[in-house]
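Novice: The residues making up each chain are set out below.
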Amino acid sequence: MQQLVNVIIRFRNGLVYVLLISLSVFLLQQSSSYHRSLVANAGLYFGTQLNYIVYSLSSYVNLRKTNELLIEENQILLDQLLSEKKLPSDTLSYSTVRLQVIRNSFINSYNYITLRGGKNIGVEKEMGLVTSKGIVGVVQFVENRYSQAISVLNKDLQINAKLKNSNHFGSLIWSGDNPSKMNLIDVPKTAVVNLGDTIETGGMSTIFPPGIPIGTISDFIDNPSLSFYDIEVSLFQDMTNLGFVFAIDHPTKEEVKSIQQTINE
Amino acid sequence: MNSRSYPFIIYFFLLPVLQVMVFDQFNLGVQLIPQITLLFLIFYPTDAEQTIFLVIAFLYGLYSDLLHSTMGIQAAACVTAAFLRPTIITSVFGKNHGYVNIRLQQTPFIALSAYSLNMVLLHHLVYYLLGLASWPKTLWGIQQFIFGSLYTLLFLIAIMFVLRKNKQ
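Chains A and B supply the protein sequences, listed in that same order. Just so you know, we're using the numbering used here here: the first sequence kicks off at 5 and counts up by one. Just so you know, we're using the numbering used here here: the second sequence kicks off at 165 and counts up by one.
Treat the hints with care, since some could be wrong.
[What the hints assert, rightly or not] Covered by chain A, according to a simulated footprint, are these stretches of chain B (three or more residues, beta-carbon under 8 Å):
no.	region
1	209-220
2	229-239
3	315-322
Source of the hints: derived by calculation from the structure; they are not laboratory data. Just so you know, even glycine gets a beta-carbon here, dropped at the ideal spot from N, CA and C.
Pulled out of the complex, with its shape left as it was, chain B reads as follows (with noise of 0.2 Å):
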């Protein structure tokens, strides 16, 4: 673990905390809710060993998991988002770009957000999957993760936007 890893143990915690206390509050339905605890996964550190990132991210998700009485959705959704992250970030950044650590300021910010974007897409298709698991309910299911991803994907994109602006 190298020492840009450090701030991660605290946003392990937190992250999950405010989620439940500030953004469950924001939910338009069933399942509807912006999932920002997807900032830790998506800034994690990319030159972090793949297994050991594979194993936290499924701590993390079971975390959340026991925050909110899911069992084991937001783990399967989140360890299948890391385990795909160097896929997304050599198809969004490039060969040359994919382990150079993504970082609020340096990074474009059009770049940043379809990144974000397929980690969404990819974590949201899982936990939808899990959470119905419904063949008579698919075409709501698909309706639901389509809102789910871009309400999420709105919220995770806001806070983006006012960090960067603030660290300006």
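Here chain A stands alone, though its shape is the one from the complex (with noise of 0.2 Å):
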């Protein structure tokens, strides 16, 4: 016993590391989501005040960027407003709320995004989030004042999409190293691929409606051995360069949730 003792006494250094480095890949690699809310709500408390300070600072240095990108993001708007105008307005209204980012990872291949908004504007969990020129990510985290999203650029996101000229779907996903690049995978060999072709949400879950815009076709492989698909997808949207975006309510989650629900059951 007493030499059992000396001995992890002489090794001790090396036995705390092996445990330390454990509990940092088990950090790593555990995917339960009930662990990382854990963690990610304890960042959230610190980083957003953090973060908030960087941000206050920037804004000022910004200001003509982000005016640029209002009046664009206006004039959008106006325009579908006029749209609508002429359409009979059969179709479901998505109501939307404004966000403003202050902080915006790019940088890993877990990317999150920290908005300026939360409970008190009405921002709710699994809201999709958009800018003008396409999708942003998926709010995850939700406190009183702030809110935490992760990216489009998270290895740990997929999201619905298909093609807008017909409709084959399959699923987004970020490989983890071009933050202007992602990569649709199970599209069926049936669908005919171009380059430049148009990426569009799928609708096919409540976070984000159908037809929003994502990004062309910029490379695809054609694998004879395989049925499906590997697209690469050039974003329209600058993803390292986000100002304000938009937290999309679907008008019906409650009762697709219930019918989900009860078709489980």
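Starting from the two chains in their separate frames, assemble the complex, guided by the hints.
Specialist: The following block contains the structure:
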């Protein structure tokens, strides 16, 4: 026993190292949403205050760019409003909430966006985030005045997407290297795929409504041994430059969820 | 804990905050940021108890992880750099110099740079290995590791150079 204690004391640094590295890898690898949310919530609490200071300081410098972005977005919204007036409004109306991006990470494999605006203005979990150019992410945690979203540049996120000129669906994922490119997988070979074709949201979930533009096809792999395409999509939205985003509230979210729950039961 | 360790309590909290507020803005794309938080591990007193240093390095990495939402990557990288720091010190400064504290003013700048390079390489190796963890992207990962390490080293040397000049 004494010898065992002596060995432990002698190699304590090595043992402590093995223990701590195992703990780190466990933290990294564990995929339980409960543990992730615990850590992410703690990070949200400290991170938002810190990032708001950075945002406040940098907002003066970026004022001109923000103004241009606002004008551009206003113009697009006005265009949409005018075109809606001409059409019979028989479609569902989605409501949106405007949020300020105070931190947007794109330097890791698992990126998040911190937003100013939370429960106080009606932000809820699982709201889709868009800009005038395309999709940005999905709200994951909501506090009273702040919220955190999982960015589309996150290897954990899969978004239902489709080809604009047909109804062939696939999953949009990020491979973790280039912030301007994503990959559309699981698109069957029966689809006609051309370079430059537009990809948009598929609308098979309550997160994003169908038809929101995502990007264009910049490359695709037609592997004869596989029955699906691997398509590279060039995003419309520059994910390294986000100012304001809009959170979309699905009008019949609760109904869809309750139906899905009934089916599962 | 000796009196030389006290300022490191402030550095422990301050450096990751500085990293997020200032140095993250110098990113050159995905995974390429100057990680100046390593200054803490480089200058932490070498005569301090190694076991305690390992735990402190782990907590320091975890704190950086919390601020970056990276979940354990920094913790693993920091604890590895801390674990192998005595070996690096012995290999760079020699056995006799092994446990003399590394000071910005007294330690020769070339030796300090060589020591920092080793610490950066070790930290970044674990950081990119765990951060990417994908075989198809091995070549890209190696590229990121090399450029990331050089970018961090450039900033560390610049900071050390400026602080050294100021103190003189």
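Novice: Determine for every hint whether it applies to the structure shown.
Specialist: Evaluated hints:
1. 209-220: holds (count 4)
2. 229-239: This one holds; 10 residues, not fewer than the three required, reach chain A with a Cβ under 8 Å.
3. 315-322: violated (count 0)
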